[in-house]
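Now for the letters of each chain:
2 protein chains.
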Amino acid sequence: MTKAPTVDDVARAAGVSRQTVSNVLNAPDIVRAATRERVQAVIDDLGYRPHTAARQLRTRRSSTIGVHLDPYAGGISGVVLDRFVHALTERASERGMRMLLYAARTPEEEIARMGELLDGGEIDATIVTGTFHGDPRTGWLTARALPFVSFGRPWGEDDVAAPAHLWVDVDGAAGTAASTRHALGAAGPRIAFLGWPAGSGTGDERERGWRETMTAHGLAAPRWTVEEHVPAARAVVADALAAGAEVDAIVCASDSLAIGAHLAAVAADRHDLLVVGFDNTPAVEALGISSVEQLPEKVAAGALDLLMGPTGSVVAPRPAASGSAHVLVEPRLIVR
Amino acid sequence: MTKAPTVDDVARAAGVSRQTVSNVLNAPDIVRAATRERVQAVIDDLGYRPHTAARQLRTRRSSTIGVHLDPYAGGISGVVLDRFVHALTERASERGMRMLLYAARTPEEEIARMGELLDGGEIDATIVTGTFHGDPRTGWLTARALPFVSFGRPWGEDDVAAPAHLWVDVDGAAGTAASTRHALGAAGPRIAFLGWPAGSGTGDERERGWRETMTAHGLAAPRWTVEEHVPAARAVVADALAAGAEVDAIVCASDSLAIGAHLAAVAADRHDLLVVGFDNTPAVEALGISSVEQLPEKVAAGALDLLMGPTGSVVAPRPAASGSAHVLVEPRLIVR
Chain X
1 MTKAPTVDDV ARAAGVSRQT VSNVLNAPDI VRAATRERVQ AVIDDLGYRP HTAARQLRTR
61 RSSTIGVHLD PYAGGISGVV LDRFVHALTE RASERGMRML LYAARTPEEE IARMGELLDG
121 GEIDATIVTG TFHGDPRTGW LTARALPFVS FGRPWGEDDV AAPAHLWVDV DGAAGTAAST
181 RHALGAAGPR IAFLGWPAGS GTGDERERGW RETMTAHGLA APRWTVEEHV PAARAVVADA
241 LAAGAEVDAI VCASDSLAIG AHLAAVAADR HDLLVVGFDN TPAVEALGIS SVEQLPEKVA
301 AGALDLLMGP TGSVVAPRPA ASGSAHVLVE PRLIVR
Chain G
1 MTKAPTVDDV ARAAGVSRQT VSNVLNAPDI VRAATRERVQ AVIDDLGYRP HTAARQLRTR
61 RSSTIGVHLD PYAGGISGVV LDRFVHALTE RASERGMRML LYAARTPEEE IARMGELLDG
121 GEIDATIVTG TFHGDPRTGW LTARALPFVS FGRPWGEDDV AAPAHLWVDV DGAAGTAAST
181 RHALGAAGPR IAFLGWPAGS GTGDERERGW RETMTAHGLA APRWTVEEHV PAARAVVADA
241 LAAGAEVDAI VCASDSLAIG AHLAAVAADR HDLLVVGFDN TPAVEALGIS SVEQLPEKVA
301 AGALDLLMGP TGSVVAPRPA ASGSAHVLVE PRLIVR
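Going down the list, the sequences are from chains X and G. Residues in the first sequence are numbered consecutively from 1, following our numbering. Residues in the second sequence are numbered consecutively from 1, following our numbering.
Some clues are possibly wrong.
Pairwise CB distance ranges (calculated) [unchecked claim]: (1) X:R208 x G:G47: 23 to 33 Å; (2) G:G15 x X:D44: 44 to 54 Å; (3) X:A220 x G:G288: 44 to 54 Å; (4) X:P189 x G:A242: 36 to 46 Å; (5) G:G288 x X:P189: 52 to 62 Å; (6) X:I334 x G:T106: 21 to 31 Å; (7) G:T142 x X:R49: 45 to 55 Å; (8) X:A143 x G:R61: 27 to 37 Å; (9) X:G130 x G:R332: 26 to 36 Å.
One-sided excerpt, in silico: chain X residues whose CB lies under 8 Å from chain G [unchecked claim]: (10) L25; (11) G96; (12) L101; (13) A112; (14) H182; (15) L184; (16) G199; (17) G309.
These are computed hints drawn from the structure, not numbers from a lab. Every value quoted in this text rests on a predicted model; they were computed, and no experiment measured them. For every residue, glycine included, the Cβ atom is placed at its ideal position computed from N, Cα and C.
Using the sequences provided together with the hints, build the complete structure.
Have a look at this one:
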């Protein structure tokens, strides 16, 4: 049986990367003349034709990874997920993979879209974002043994030791622990925490980092909770300061909360009050507020490492591959 | 010759949308039982099998549109392009199309990627963003008669009357004209403009809206220029205020410039000084600064309308189709 030559065959025979073969086909001007001629000769020799759908049918690989893009919801911190998608696109491109976006408004719709794309051979794997307790998406993918990785841990008891599926996440507790240690050194011992109402995995992790650090230092301070909303956060902190709360710093679960706290501190003439955010968005950068940087680029690289394995050229279904079933990225405090 | 049945054949025979057929295949639980049974009967009747690559080979259509995603550059206003991509993904999904992302660091690399995807049949059309004077990407696509639309006008003499290609853009001059009229009514006659150095199409348009509105009212006021950078904008405005500049309001070419102007005004105790931004990003929303909203959702809908035409189901190569070759979206001032 004679198989049609692939771009990999051309690259191997010419001793160049897939990318260079593609450049010769599509942007010959940016390839050195000698290389171009060598690659072109191999293409002619092998009779390579670049139609992708034919290759997909033959290999049953689309070299494409799907990712769901939420409807734009506004807010300060949406930029973190967008940075993740930017980074995925770049890292995937370096590995000869593409990113396909799909829209869905509910987990059920997202399952329908993923099924359609995976069954149709349009994507080889998918990346699920924003996992939560009892997430039906990861359960469905796991039950069908479809290749995927989640940005967000499974939020079960065995997340780290025996995770239910491949996942990558940011260590939120490590982030707020770093914020709290910084505040202890820079501002004083009375470090309040401004977070979301208990019950969200992400929010509880961020609260834990502050709480355990304070406990380790034998300290206690108020913990305030509020929804993710600048004016609401501003009101909570303004009320606390007006009521005489004695705090040296406020560690926050997000940049929206930090901006609210910052505005309340400025309005109360508490220019000494240190505020630390979480997400390091352009908004806190503009205001000069310190914040925890999630490093979405590392998250994206981790997701692709998990999906594609160390060999790196093909996506294989490897749910919970042993020894490398998760990547926990340590975030970095940016002090301003 | 017998052709394999398509999802369109199933949808037509069952009297439902493509989306419903897909839901029956992938998420039967969300489809009403009666509909599910009717669709399933048609699928069985026709012997429909959903492998996409086969359909692509047959139809030479991938039902996929490409869009370039820049490397994440930080900054306040990147969110506008991200909102555009979110909206494209949703609108495309409603039309049964997918969005494929590709990375590129230079226009030449972007041309290579577009060529690869179009030649390989992986995308039917592409969307180019951030056009500029002498853009090699649009020239290359036009010369090869490949289907595309740009977010950003061609920036030539005949943009509107006889555009070189399909484009959609936001009317920047209309936006700053609205800001200027608002400031004249709300603050007073001395409305300064804070913009970028002359020479960028987008920046010059935004300056023009302010200038023409001031001229129409027989007014003049200072125009300051600075690079897109919050601290630089803050310094320019702080210097101007310290030097005794008499202004009632500052209309800005971007939210980054507006945040810089706002911080300078607050630091100089000029709480009366009205500042208006452009892009309506989460950062100015958090700070309570008025701003011009670009309506990226309308831009995305306009781009797909141009590419797909009024019939709406297939991408056809229609460079500069007569009568509907561009969409100019009027932005909306959000007053805070």
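Query raised in the report: How about X:L25: closest beta carbon in chain G under 8 Å, or not?
Result: Hint holds; X:L25 Cβ to chain G Cβ min 7 Å, cut 8 Å.
Query - Pairwise beta carbon distance, X:P189 to G:A242, judged against the given window 36 to 46 Å - result: Cβ of X:P189 to Cβ of G:A242: about 39 Å, so the range 36 to 46 Å holds.
Report task. Given the range 27 to 37 Å, decide if the beta-carbon distance of X:A143 to G:R61 lies inside it. Result -> With Cβ atoms ~32 Å apart, the hint holds.
Query raised in the report: Are G:G15 and X:D44 spaced within 44 to 54 Å by their CB atoms?
Result: 51 Å, holds
Report task. Grab the minimum C-beta distance from X:L101 to chain G and call the hint holds if it beats 8 Å, violated otherwise. Result -> Interface hint status for X:L101: holds (4 Å vs cutoff 8 Å).
**Report entry** Range hint 44 to 54 Å (beta carbons of X:A220 and G:G288) holds or violated
**Finding:** About 34 Å separates the Cβ atoms of X:A220 and G:G288, which means 44 to 54 Å is violated.
Query raised in the report: Is 23 to 33 Å a correct range for the gap between the Cβ atoms of X:R208 and G:G47?
Result: Hint violated: Cβ distance 55 Å, outside 23 to 33 Å.
Report task. Classify the hint on X:G309 as holds or violated, based on whether any CB of chain G lies nearer than 8 Å to its CB. Result -> At about 21 Å, which exceeds the 8 Å cut-off, the nearest Cβ of chain G leaves the hint on X:G309 violated.
Query - Outcome for the supplied range 45 to 55 Å, where the beta carbon pair is G:T142 and X:R49 - result: Hint violated: Cβ distance 25 Å, outside 45 to 55 Å.
Query raised in the report: Hey, does the X:A112 contact hint survive, CB to chain G under 8 Å?
Result: Since the shortest Cβ distance to chain G is 4 Å, the answer is holds.
**Report entry** Hint validity - X:L184 Cβ closer than 8 Å to any chain G Cβ
**Finding:** 27 Å, violated
Query raised in the report: How does the Cβ-Cβ distance of G:G288 and X:P189 compare with 52 to 62 Å: does it lie in that range?
Result: 33 Å, violated
Violation of the numbered hints given earlier is confined to hints 1, 3, 5, 7, 11, 14, 15, 16, 17; the remaining hints are satisfied by the structure.
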